[in-house]
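**Q** Here is what each chain is made of, one letter per residue.
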Amino acid sequence: MKGMLAPIRKLKLTQILRTPHAVGVFGVYIGFIILLIISYIISPASRTLQDFINLLKQSSGLGMLAIGQTMVIMTGGIDLCLGSIVTLVHVLTIGLMNGDPSRILGVCLLGLAVGSLAGLFNGLGITKARIAPFVMTLCTDFILRGLYMIYTKGQPKGILAESFRNLGRYRIFGMVPLSVLFWIVLSALFIFILKKTVFGNRVHMIGANAVCSTLSGVKNDRIIIAVYTLAGLLAAFTSIVLTMDMSAVSLNLGADYSMDSISAAVVGGTMFAGGIGGVEGTVAGALIIRLITSLLQKANIANWGKLLIQSVLILSVVAANSRKKRT
Amino acid sequence: MKPFADTIKTFVRDLRNPKRHSSKIIWVLLVVLLIPIIIVIPEFVRPANIANVLIQMAPLGMVAIGQTYVILGGGIDLSVGSQISLISLIASTLMTDSPLNIIAVAALCLVCGVLFGALNGFILKLFPMPPIIVTLCTGYFFQGIAFALHKTSGGYIPVALKQVLTANSGFFSVPFGLYVLLFAIFAYVLYRTRFGRYVYALGGNADVLEKSGIRIDRIKIKTYMVSGLLCAIVGIYLAARLRSGSARYGDEYTLLSITATVVGGTSMAGGLGGLTGTFAGTILISMLTNVLNNIAFRYNLQSTYYKDIITGILLISAMYFYRNRK
Amino acid sequence: MLLEVKDIVKRFYGVTVLNKVNLGFAGGEVHALVGENGAGKSTLMKIIGGIYHADEGSVLVDKTAVKISNALDAAKLGISIVHQEYNLVPDMTVLENVMLGKEMTGRLKAIDKESSKAYVEEIARKDGIKVNLDKYAGDLSSAEAKVAEILRACTNSMRLLILDEPTAALDDDDVASLFSLIRNLKARNIGVIYISHRLDEVFHICDKVSVLKDGKHVGTWETGAIDRDFLVKAMVGREITAVFPPRPTTKREGTKKILCIEHLSDASHFQNVSLHVGQSEILGIGGMSGHGQRELLRALFGAGKITSGTISIEGKPVVVKHPADALKYGMAFLSDDRRNEGLAQTQSVERNIAYPSLNRYHRNGMVRTKVQHALVGDLIDRLGIKLASERQIVQNLSGGNQQRVVLAKWLPLNPRILLLDEPTLGVDVGAKVEIYKILRDLVSQGISIIMVTSDMLELLNISDRIIVFYEGSVSAEYPGEVATEEIIMAAASGKPMAIGGMV
Numbered sequence: 026m027k028g029m030l031a032p033i034r035k036l037k038l039t040q041i042l043r044t045p046h047a048v049g050v051f052g053v054y055i056g057f058i059i060l061l062i063i064s065y066i067i068s069p070a071s072r073t074l075q076d077f078i079n080l081l082k083q084s085s086g087l088g089m090l091a092i093g094q095t096m097v098i099m100t101g102g103i104d105l106c107l108g109s110i111v112t113l114v115h116v117l118t119i120g121l122m123n124g125d126p127s128r129i130l131g132v133c134l135l136g137l138a139v140g141s142l143a144g145l146f147n148g149l150g151i152t153k154a155r156i157a158p159f160v161m162t163l164c165t166d167f168i169l170r171g172l173y174m175i176y177t178k179g180q181p182k183g184i185l186a187e188s189f190r191n192l193g194r195y196r197i198f199g200m201v202p203l204s205v206l207f208w209i210v211l212s213a214l215f216i217f218i219l220k221k222t223v224f225g226n227r228v229h230m231i232g233a234n235a236v237c238s239t240l241s242g243v244k245n246d247r248i249i250i251a252v253y254t255l256a257g258l259l260a261a262f263t264s265i266v267l268t269m270d271m272s273a274v275s276l277n278l279g280a281d282y283s284m285d286s287i288s289a290a291v292v293g294g295t296m297f298a299g300g301i302g303g304v305e306g307t308v309a310g311a312l313i314i315r316l317i318t319s320l321l322q323k324a325n326i327a328n329w330g331k332l333l334i335q336s337v338l339i340l341s342v343v344a345a346n347s348r349k350k351r352t
Numbered sequence: 110m111k112p113f114a115d116t117i118k119t120f121v122r123d124l125r126n127p128k129r130h131s132s133k134i135i136w137v138l139l140v141v142l143l144i145p146i147i148i149v150i151p152e153f154v155r156p157a158n159i160a161n162v163l164i165q166m167a168p169l170g171m172v173a174i175g176q177t178y179v180i181l182g183g184g185i186d187l188s189v190g191s192q193i194s195l196i197s198l199i200a201s202t203l204m205t206d207s208p209l210n211i212i213a214v215a216a217l218c219l220v221c222g223v224l225f226g227a228l229n230g231f232i233l234k235l236f237p238m239p240p241i242i243v244t245l246c247t248g249y250f251f252q253g254i255a256f257a258l259h260k261t262s263g264g265y266i267p268v269a270l271k272q273v274l275t276a277n278s279g280f281f282s283v284p285f286g287l288y289v290l291l292f293a294i295f296a297y298v299l300y301r302t303r304f305g306r307y308v309y310a311l312g313g314n315a316d317v318l319e320k321s322g323i324r325i326d327r328i329k330i331k332t333y334m335v336s337g338l339l340c341a342i343v344g345i346y347l348a349a350r351l352r353s354g355s356a357r358y359g360d361e362y363t364l365l366s367i368t369a370t371v372v373g374g375t376s377m378a379g380g381l382g383g384l385t386g387t388f389a390g391t392i393l394i395s396m397l398t399n400v401l402n403n404i405a406f407r408y409n410l411q412s413t414y415y416k417d418i419i420t421g422i423l424l425i426s427a428m429y430f431y432r433n434r435k
Numbered sequence: 004m005l006l007e008v009k010d011i012v013k014r015f016y017g018v019t020v021l022n023k024v025n026l027g028f029a030g031g032e033v034h035a036l037v038g039e040n041g042a043g044k045s046t047l048m049k050i051i052g053g054i055y056h057a058d059e060g061s062v063l064v065d066k067t068a069v070k071i072s073n074a075l076d077a078a079k080l081g082i083s084i085v086h087q088e089y090n091l092v093p094d095m096t097v098l099e100n101v102m103l104g105k106e107m108t109g110r111l112k113a114i115d116k117e118s119s120k121a122y123v124e125e126i127a128r129k130d131g132i133k134v135n136l137d138k139y140a141g142d143l144s145s146a147e148a149k150v151a152e153i154l155r156a157c158t159n160s161m162r163l164l165i166l167d168e169p170t171a172a173l174d175d176d177d178v179a180s181l182f183s184l185i186r187n188l189k190a191r192n193i194g195v196i197y198i199s200h201r202l203d204e205v206f207h208i209c210d211k212v213s214v215l216k217d218g219k220h221v222g223t224w225e226t227g228a229i230d231r232d233f234l235v236k237a238m239v240g241r242e243i244t245a246v247f248p249p250r251p252t253t254k255r256e257g258t259k260k261i262l263c264i265e266h267l268s269d270a271s272h273f274q275n276v277s278l279h280v281g282q283s284e285i286l287g288i289g290g291m292s293g294h295g296q297r298e299l300l301r302a303l304f305g306a307g308k309i310t311s312g313t314i315s316i317e318g319k320p321v322v323v324k325h326p327a328d329a330l331k332y333g334m335a336f337l338s339d340d341r342r343n344e345g346l347a348q349t350q351s352v353e354r355n356i357a358y359p360s361l362n363r364y365h366r367n368g369m370v371r372t373k374v375q376h377a378l379v380g381d382l383i384d385r386l387g388i389k390l391a392s393e394r395q396i397v398q399n400l401s402g403g404n405q406q407r408v409v410l411a412k413w414l415p416l417n418p419r420i421l422l423l424d425e426p427t428l429g430v431d432v433g434a435k436v437e438i439y440k441i442l443r444d445l446v447s448q449g450i451s452i453i454m455v456t457s458d459m460l461e462l463l464n465i466s467d468r469i470i471v472f473y474e475g476s477v478s479a480e481y482p483g484e485v486a487t488e489e490i491i492m493a494a495a496s497g498k499p500m501a502i503g504g505m506v
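Residue numbers (this note's numbering), protein chains in the order written: chain A, 26 to 352; chain B, 110 to 435; chain C, 4 to 506.
So that you can see chain A by itself, here it is in the shape it has in the complex (with noise of 0.2 angstroms):
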């Protein structure tokens, strides 16, 4: 039989771009770029390099942070407590940190492991004690919340050391910041991982189908608790991103991530049902929420008509989906 193998099918561009998810990403792109016009027109001082580094700058926390989002929705489930992950290991950082630089990197792995904890945590009660994903996580986010609260006793302290802050303002080229590259290199990477690897194929079929991967001799459980530890570790390595450029502690800085990561990995192409999805729509995702952020912001309505704006679009995106899919 190995000897005479039947020619490879190749599918053509033209084939692949008409399949649902490569039209929905170039459609995020499109939208993107037409709302990122419409910025330039209503305020035309930001039609710089620099602006629009800035923008890249404002995403690439947010970019981090959903692509832990992105799997885990493409595993059929949601995780609400990744906000809470980023202050606590923000406030975690600062207050152990306190301005010496022979502790960076201690504290540092620390962080990463308190995430990667908390997400093993989530993945565990998911699969071993099969707790629907968003109760779990949203009961995880009030111990989060709960246990930084106590930490700091509502008044976080503690000051970071300067080479660290050093680490925040340096500028590649001159010009690009270290953020920047740390999403681009690991948007890339996840993109690769869940289009090519054995485990990006788990994910995808996971998420379609969890019986059917099951009958196929696969361990779900696994795969699931990994992507659950992923999205902790990705989202404790962003708040130590974010950290860096922060000048004090703020116990509000994990807030919104939650939400925010959610919209933009749905706003991205990926859906709700699991299996359909990818980090590559994620990114513009991100993109357009920070640009509707700093939108809002200039309008002055941030702190409301942010919470408005993403939940009409969310509903929007998932209702438009939902209809797709019965007809």
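Treat the hints as calculated values from the structure; they're not laboratory data. Cβ coordinates follow ideal geometry from the N, Cα and C atoms, glycine included. Worth double-checking, as some hints may not be accurate.
Far from chain C, some chain A residues (derived; all Cβ distances over 12 angstroms) [said to hold, decoys possible]:
1. 65
2. 149
3. 207
4. 318
Below, computed lysine-lysine pairings styled on DSS-like, alpha-carbon distance capped at 30 angstroms [stated by the list, open to error]:
5. B:234 / C:112
6. C:331 / A:244
7. C:116 / B:133
8. C:105 / B:234
9. B:260 / A:182
10. B:416 / A:182
Guided by the hints, dock chains B and C onto chain A, whose structure is given.
**A** Same frame as chain A, now just chains B and C:
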């Protein structure tokens, strides 16, 4: 002696493998927890403190009634917290001292609450989306409107309303009385009327209900409307108690109401459980909160931080305990 | 005519399921509707019941066209359906289930349980139906559940009762009481549409029989005027010998046993089952649905929990706790629920086919795309799967093609034992012929097959050896060549006959 032993045996078996609709375990848990509590904190059983617990449990209890309806029907309402907040702001923004105005605004709030619930239900009817997503989004939407009305807590609620809604003498208090009344009404509706049957059937097997000629969309929308109405009542009550409205007043009630419902034995999948269990779940949470406040006061700690953690752990443990039931 | 359907057309996912069907049903008449799996019987009944809507055509009651847009409309017209699938709310009692949607209420709109109970008990007594009204529906056996559903239909003021495969899970006594109920209804001038696979029942209880094949109406006859062979030919549309490939003539006596199970039990579905399958053998497992054969197959594959007993493969005892273990021992499993369990509908054909064997050709966790392409392309050709491209989404393939994709998933693993659950459910005759050919082909390469099926013709004509299940245990075993429908049915009712010294 033997029949007695058998009774205990079946009782224990029921506890370990709860039967359908059984909420025995939560009552046992309540009693078991009460013993060490009384030993460690004897003040807990002082009448004044008990009365206090009853007042504290009223708002959570009311929200949990609505949440139980929604969860029994196979849904979930993550927007209850935001609904409460928004109602509290609507009330505090519009109220003046005139009695007519108070009544009109209160009525308006109730209508708004029902409409918020109806909105959730209608979106679910129009688009086949998971209820978590829909109510999570509408929750953010309601909170957005609330923030637009007032960035911080504010508005005005007449003293008279506060006096009426928080009046109490000894064991009897208006909030607890109101809760008992609402509980009686909604328990009656759930256990004794057609609508109640249909809520169970909706969560148990919606297909069968539809084939029996019932418009399942209507039942579903109504469960969310019940939840909205109760949120509105709680919103008015909280606004009156604190004499202001805020976009954050309701925040804690989302997870707490789900916890009270699930700890009380109602299945997240729907169709299984009931309000009596939720009642016990509400007592459990209020009892723990009260004890926590007591301990926190002794050791000069912030009880809310610990409350978040305990709520989370409680809900996870309850889900874990009931994992094999369905 | 009580009810007529005119030129009914119905399509799903672009596939025409019913094509211009015309049928008439009269009151006081038991009218059988027969046809192979996927012929469109259930779809037609669901259109009459208001659950599906016809794309074209009309439904007439008393010669006037009616619009039946939901179950309530159907009930108002006096049409009651007892569906094939389970249709009760598990956490409500039988009484509550029976009265769902028509609860009696008293003071303060409270549900009046006592009068409801009296009312239902009266009907049950009159029609001779025995069921415990206070039990929870989820605790009923499948036979009791079916009885409860029939009771629910009887509480409607009906003129036409549709029974979709009512006897699939019933044993002889239950069937007898169902038949006396049907005669009762007939005497009250109520029309009955009776859908069944069991042709002896059709000749026993029905006045007329209509045959559907591939969504078309083949014909309607008085049952007295035709015989069984005529009916089978009308259903299959060709001679049986043209559908089923011939059994190999070589004797398999003394071939080695590949898989042996001894005294296998699970918590509730099957007890103390011992059986074996030899190399290059197709072992067919028959019996009424719900008697544990489906669960046994799943437990063998690690998708169900075994409480006691042993499994051994080629003489070595093995422990299978997860499908991953089963894979390791060379087993493969085709689920009866292809749409929900066999395939990930939203994913590409390539990803579905490559999935179970991903572990075999990766490099440090990365998929070797070229190897995968070649492998998948080869399988598509070998099994004759018709598609535009491997990247095509599975959803849009026909039932027969989907089943071939499921088979293709397993072949790269070179399985020794194939576990098949209803391998040709919802597949048209043409595709069936090819699937049977593929199975024979695989067997000739040394693969062993255990096949659970409710399709009697398939069981009789494909199996080398037949085992019949009754109430979770093996009731009888026969060589495939000598078994007949009558013998199988007797064994499936727990009263096996002895033939040629074999039981």
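**Q** A separate judgement is required for each hint: does it hold in the structure or not?
**A** Here's how the hints hold up against the structure:
1. 65: Holds: least Cβ distance 38 angstroms, greater than 12 angstroms.
2. 149: 17 angstroms, holds
3. 207: Label holds. Min Cβ-Cβ 23 angstroms, cutoff 12 angstroms.
4. 318: 32 angstroms, holds
5. B:234 / C:112: 27 angstroms, holds
6. C:331 / A:244: 13 angstroms, holds
7. C:116 / B:133: Judged against 30 angstroms, a Cα distance of about 24 angstroms means the pair holds.
8. C:105 / B:234: 24 angstroms, holds
9. B:260 / A:182: 26 angstroms, holds
10. B:416 / A:182: 23 angstroms, holds
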